Amino acid sequence: MHTKLSRRSFLQMTGVAGIGLAAGCSSGPSSGTATWSMWSSSAAEKKVWADFGKYVEQQLKVKSIATLTPSPGYPTKLDLQLVSGTASLVTALNGTLIPTYAARGAHRPLDDLIAADPDFHLDDFYETSRKISSFNGRTYAIGFDVAPTVMYYNKDLLKKQGVPLPSRTEPMSWATFRDLAKQLTKPGEQYGFTCAPAIDDLVSWIYCAGGNVMSADAGRSTLGDPEAMQALQFVIDLFVKDQVTPPIKNLVTENSLSNFLQGNVAFMQNGPWQVVNARKATFDWDIIPFPAGAAGSTPRVSGSSFAIPSGVREGPQLDLAWKLLKTLTSTGALDIYAKAGRNNPARLSAGSAFQPPPDNLGIVRDILAGKLAGGHAFDVTTNWNQVKQLLGQDLPRTFLGQVTVADAIHGLTPRLDVLMRQHLDTVRQATARKG
Amino acid sequence: MWRRREALTAWLFILPSLIGFLIFTAGPVVAAGAISLLNWNLFSAPTWAGLHNFARLGPDPTFWAALGNTAYFTLVSVPLTILVSLVLALLLNQGLQRIAVFRSLLLLPYATITVAVAFVWIWLYIPHDGLVNAVLGWFGIDGPSWLISDTWAMPALILMSVWKSFGFGMVVFLAGLQAIPQQLYEAGRVDGTSPWNSFRHITLPMLSPALFFVIVTSVIGSFQVFDQALIMTNGGPGTRTTTLVMYIYRTGFENYDQGYAAAQSLVLFAFIVLITTTQFLFQRRLVHYDN
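Residue numbers (numbering that gives the first Met the number 0), protein chains in the order written: chain F, 0 to 434; chain P, 0 to 290.
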């Protein structure tokens, strides 16, 4: 049956549809809903967060709504949500961004909530996770994962070459590592080592050499100090001089995991967060402690956390946010996370759930507990994005042999120092606000 | 009375565009002007900065590098794109067999999203195994490491960009060519005009409005280049392919420095206005309209 639509009816329907659409766009989740934001870039990750959602609904008896965003766009989307007042009650934060968000007042300190809650025990979280989640003496987030960088190795490749497997507990020296990488390299066919040509991977070597990106008070860049320079030169030499790494084809798509998964690379520097992806390898592999430099084996320890935005109102909304945050970081939730092999959970009581393979996965917990080798919390500033961007300009060129390490650092240091001074100003302002 | 009704009708037709312009173009420009005078990280209350954000542009090497790169990109990619578009439009206009098929095929790069095209070109540019260097190898040329080379990263982006965008110009030129009255060519032939002179004295002048339109839109588009550079080189190596829009995005949304990003945006806006105005000044002398 055909119904003739008059112009007036059409306009009325359009108007009603428009109002409905506008209402749909403007209304957020109803109050009493446990909303949380997380980055998620794969089906495996989505499955984990779906299970988290079910767990939240079981525990809190409220509806759980997770906003999942692919990781590269997550910070921008979160910013827009925070500014527009549409952010979730709880938001996931990468540890390197916690000082940035805290200093800008985007998230609230949690100390009052922790102190008022006898059921919550912060000391069940690894110390490095607590450090990563704090800024200026306050706790701004609660960790859900934390882990040191380790060295993955292709067991099959080493066995095939007749090379004895490295110790599972004793970190090898840099000299030994370099010799081994050279020994295992057959140019064009097989390579000794792979890592990302970026500061995120260089810091582990810098920490192991006893250096850092910034001074203890974060007031100046220390990349030009001898320890940091030695570390930078060592890694760059592996690329440029020794040529024990797969050739860099494109700085954007260069990916150490995909290099390693090809099966022709002996060692890969990476975190246990890649275990879930490394399990796709068609060869036998395992992990060992990071090679020890002058300061020992003290690679970077990274982590991620959940935080509550400043816009969450006091009262029932904040109560629900705190309950949700506790649930998302509870042993039960982190067991789901760990069993999926996503990463090492930030809680000591959830640690046993991160199960092999790889066989030697236990070293992750031993390193965090201080029983084996060591780790160094990833030191960042309140303007870490800017520091990272600046370092991302000229450091990759050293991996390509386009500039020397000395020239790159010499050129970057004055601008890094400006950023460090800006960071100190931000910290001073935050301290003044704190009173 | 009739004139008033006609004017009202005209305004009603213009109104949707005008509202869109005011909300999405004029409004943001005015807002950027206001924000450029503030220190604002999106969350803390903004503080007055005066002209400080503009003063920061002078000693900022990345800003100048980005501006230089954008100018380089525009100066090379726009003439190349126009040349390729024009040549292909002329070929299609010469009655190339299966013209609709060719037209569709040639328009495909323009119709494809930049992200997809960029990923394909990353693969084409792989130093040893990529198709570009393989083809160069047939002629005994050892191709460079395109996307990580100081010298070749920007030309590589330009090449990809020309391939991506020539379709638009080609369609506009083809429409322009098909609107040229055939009598003009016939008169030329009667006078014994050579094909080259026919092109110079009939085709080019008659095509000049289309040419002007493509130049203006291409220059504006080139000054706003962002996505392909972000995906293919992330602005590197060093700052060799960092474009102005990429730098503005990073300043505003990664470094949370809204005031400085707004100041950069206004400078970009001023450049585009200046260049477009200059083009319109030349239009009077160089563009031929029927009337």
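Don't read these hints as lab results, they were simulated from the structure. Among the clues, some could well be false.
[Unchecked claim] Label pairs and their calculated CB-CB ranges:
no. : chain 1 : residue 1 : chain 2 : residue 2 : range
1   : P       : ALA99     : F       : LYS46     : 45 to 51 Å
2   : F       : LYS45     : P       : ALA99     : 54 to 60 Å
3   : P       : PRO27     : F       : GLN182    : 39 to 45 Å
4   : F       : GLN316    : P       : ALA115    : 38 to 44 Å
5   : F       : LYS158    : P       : ALA115    : 39 to 45 Å
6   : F       : GLN261    : P       : PRO15     : 52 to 58 Å
[Stated by the list, open to error] List of simulated lysine to aspartate or glutamate pairs, EDC-like, C-alpha gap at most 16 Å:
no. : chain 1 : residue 1 : chain 2 : residue 2
7   : F       : LYS130    : F       : ASP110
8   : F       : LYS248    : P       : ASP149
9   : F       : LYS387    : P       : GLU253
10  : F       : LYS248    : P       : ASP128
11  : F       : LYS53     : F       : ASP334
12  : F       : LYS76     : P       : GLU253
13  : F       : LYS338    : F       : GLU44
Note that the structure is a prediction, hence the values are computed from the model and not measured. Where is the CB? At the ideal position from N, CA and C, for every residue including glycine.
Okay, the hints, checked on the actual structure:
1. P/ALA99 - F/LYS46: 45 to 51 Å: Given range 45 to 51 Å: holds, Cβ gap about 47 Å.
2. F/LYS45 - P/ALA99: 54 to 60 Å: 44 Å, violated
3. P/PRO27 - F/GLN182: 39 to 45 Å: 59 Å, violated
4. F/GLN316 - P/ALA115: 38 to 44 Å: 42 Å, holds
5. F/LYS158 - P/ALA115: 39 to 45 Å: 42 Å, holds
6. F/GLN261 - P/PRO15: 52 to 58 Å: 55 Å, holds
7. F/LYS130 - F/ASP110: 14 Å, holds
8. F/LYS248 - P/ASP149: Holds, at roughly 14 Å.
9. F/LYS387 - P/GLU253: Distance ~10 Å between F/LYS387 and P/GLU253 Cα, so the pair holds.
10. F/LYS248 - P/ASP128: With Cα atoms ~10 Å apart, F/LYS248 and P/ASP128 stay inside 16 Å; holds.
11. F/LYS53 - F/ASP334: Given that 16 Å is the threshold and the Cα spacing comes to 14 Å, the pair holds.
12. F/LYS76 - P/GLU253: Status holds; Cα separation ~11 Å.
13. F/LYS338 - F/GLU44: 12 Å, holds
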